[in-house]
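Visitor: Sequence:
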Amino acid sequence: MEHTPSVKPDPAVSADSPTPSSAEKFEELYGSRELIGQGGYGIVYAGYRKTDNLPVALKFVDMKKIKMWAKTSEKGEVLPLEIVLLRQVCNKPTCEGVAQLLDYFELPDFYLMVLERPEPCLDLFNYMQRQHGYLGESLACHFLSQVVSALMHCHSRGIVHRDLKPENILVEIATQCVKLLDFGSAALLIEGSYTEVVGTPEYFPPETILRGEYFAIPATVWSVGVLLFQMVWGDVPFHSDDDIIKGILHFPRGIARDCRHLIRRCLAASPNDRPTLEQILQHPWITKNQNVCI
Numbered sequence: 001m002e003h004t005p006s007v008k009p010d011p012a013v014s015a016d017s018p019t020p021s022s023a024e025k026f027e028e029l030y031g032s033r034e035l036i037g038q039g040g041y042g043i044v045y046a047g048y049r050k051t052d053n054l055p056v057a058l059k060f061v062d063m064k065k066i067k068m069w070a071k072t073s074e075k076g077e078v079l080p081l082e083i084v085l086l087r088q089v090c091n092k093p094t095c096e097g098v099a100q101l102l103d104y105f106e107l108p109d110f111y112l113m114v115l116e117r118p119e120p121c122l123d124l125f126n127y128m129q130r131q132h133g134y135l136g137e138s139l140a141c142h143f144l145s146q147v148v149s150a151l152m153h154c155h156s157r158g159i160v161h162r163d164l165k166p167e168n169i170l171v172e173i174a175t176q177c178v179k180l181l182d183f184g185s186a187a188l189l190i191e192g193s194y195t196e197v198v199g200t201p202e203y204f205p206p207e208t209i210l211r212g213e214y215f216a217i218p219a220t221v222w223s224v225g226v227l228l229f230q231m232v233w234g235d236v237p238f239h240s241d242d243d244i245i246k247g248i249l250h251f252p253r254g255i256a257r258d259c260r261h262l263i264r265r266c267l268a269a270s271p272n273d274r275p276t277l278e279q280i281l282q283h284p285w286i287t288k289n290q291n292v293c294i
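Numbered per full-length UniProt numbering, the sequence shown spans residues 1 to 294.
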């Protein structure tokens, strides 16, 4: 174990917060279905809860790949940092915009997280591919307002996500509600700067590239700007470090002036010139579409 920071959970820790259980307990409570994702961290299966057939995602994380650990203050358990942070984010009252951690288990070689996964659903990237690769502004606004609200909830719990992108946003097809996924790059929210570089390069703000450090809120707002551009155009605005530093935006035809203004504000070169998340929700592009932006 490389790091064991002590994390102080939210003061209102719920008595029914998930607690670790044995492999036998997992097999008693849950069943697995098809493989739905895999990467350097491990694998994810679709699954179900046996008592009520509730659809879930089963995320198996290889213990050898876990770099960050944390000690909980209530029991002194040493757990993967992702689990500790998710417990803090998912503590009641919960946020509908975050995929809830329902349970977790320590297995011989893996930690297993049981996560909310409504069906039918797609991640936002694949959802966009079914919509000709991009979204209309009304739907993009509807999704963005939910994502920003979810990020604000995370920050209110003292957590910063640090890897916002379409692949980490789940779309519930029937309701068009979205949920934030994957806290593998998340960290405690601090007032100072971060120097560890995590996340997806196309979403890095220029200060990360130029100085090797960034502050949580401005970097998050930058990623919101990249996400909005990608939703309405179908591609990220920048494809290289040089592009990010130059900051030249080429907007497609037909994008509303207010939408372009919001993107430009979020992608301001100086972190101090970017809006807060609260200000994003108050932007005219959002408020003018409030009939569809819930």
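Hints were generated in silico from the structure; no laboratory data involved. None of the values given here were measured: they were computed from a predicted structure. Check before you lean on any hint, since a few could be wrong.
[As the list claims (entries may be wrong)] Subject to a maximum C-alpha distance of 27 Å in a straight line, what follows is the list of computed BS3-like cross-link-like pairs (lysine-lysine):
#1 K75 - K165
#2 K165 - K65
#3 K92 - K64
#4 K71 - K25
#5 K75 - K64
#6 K65 - K75
#7 K165 - K246
#8 K165 - K50
#9 K246 - K288
#10 K75 - K92
#11 K64 - K25
#12 K50 - K71
#13 K25 - K165
#14 K165 - K67
Visitor: Going straight from one Cα to the other, do K165 and K65 come out at no more than 27 Å?
Guide: 22 Å, holds
Visitor: Taking only the CA atoms, is the gap from K246 to K288 under or equal to 27 Å?
Guide: Cα-Cα ~31 Å, so violated.
Visitor: When you check the alpha-carbon spacing of K75 and K92, does it fall within 27 Å?
Guide: 19 Å, holds
Visitor: So if I understand the rule, the pair passes when the alpha-carbon distance is 27 Å or less; does K64 with K25 pass?
Guide: 23 Å, holds
Visitor: Just to be careful, I want the Cα atoms of K165 and K67 compared with a cutoff of 27 Å; is the pair within it?
Guide: OK: K165 and K67 at ~22 Å, within 27 Å.
Visitor: Taking only the CA atoms, is the gap from K25 to K165 under or equal to 27 Å?
Guide: 34 Å, violated
Visitor: Would you check the hint for K92 and K64, treating anything up to 27 Å between C-alpha atoms as holding?
Guide: Violated - the C-alpha atoms of K64 and K92 are around 31 Å apart, more than 27 Å.
Visitor: Checking one constraint from the list: CA of K75 to CA of K165, max 27 Å. Satisfied?
Guide: 34 Å, violated
Visitor: Hint check: K65 vs K75, CA-CA at most 27 Å. Holds or violated?
Guide: 24 Å, holds
Visitor: Assess, step by step, whether the Cα of K75 is no farther than 27 Å from the Cα of K64, and give holds or violated.
Guide: 24 Å, holds
Visitor: Are the Cα atoms of K165 and K50 separated by 27 Å or less?
Guide: Given that 27 Å is the threshold and the Cα spacing comes to 32 Å, the pair is violated.
Visitor: Sort out whether K71 lies within 27 Å of K50, counting only the CA atoms.
Guide: Distance of about 31 Å is beyond 27 Å: violated.
Checked against the numbered hints above, the structure breaks hints 1, 3, 8, 9, 12, 13 and satisfies the rest.
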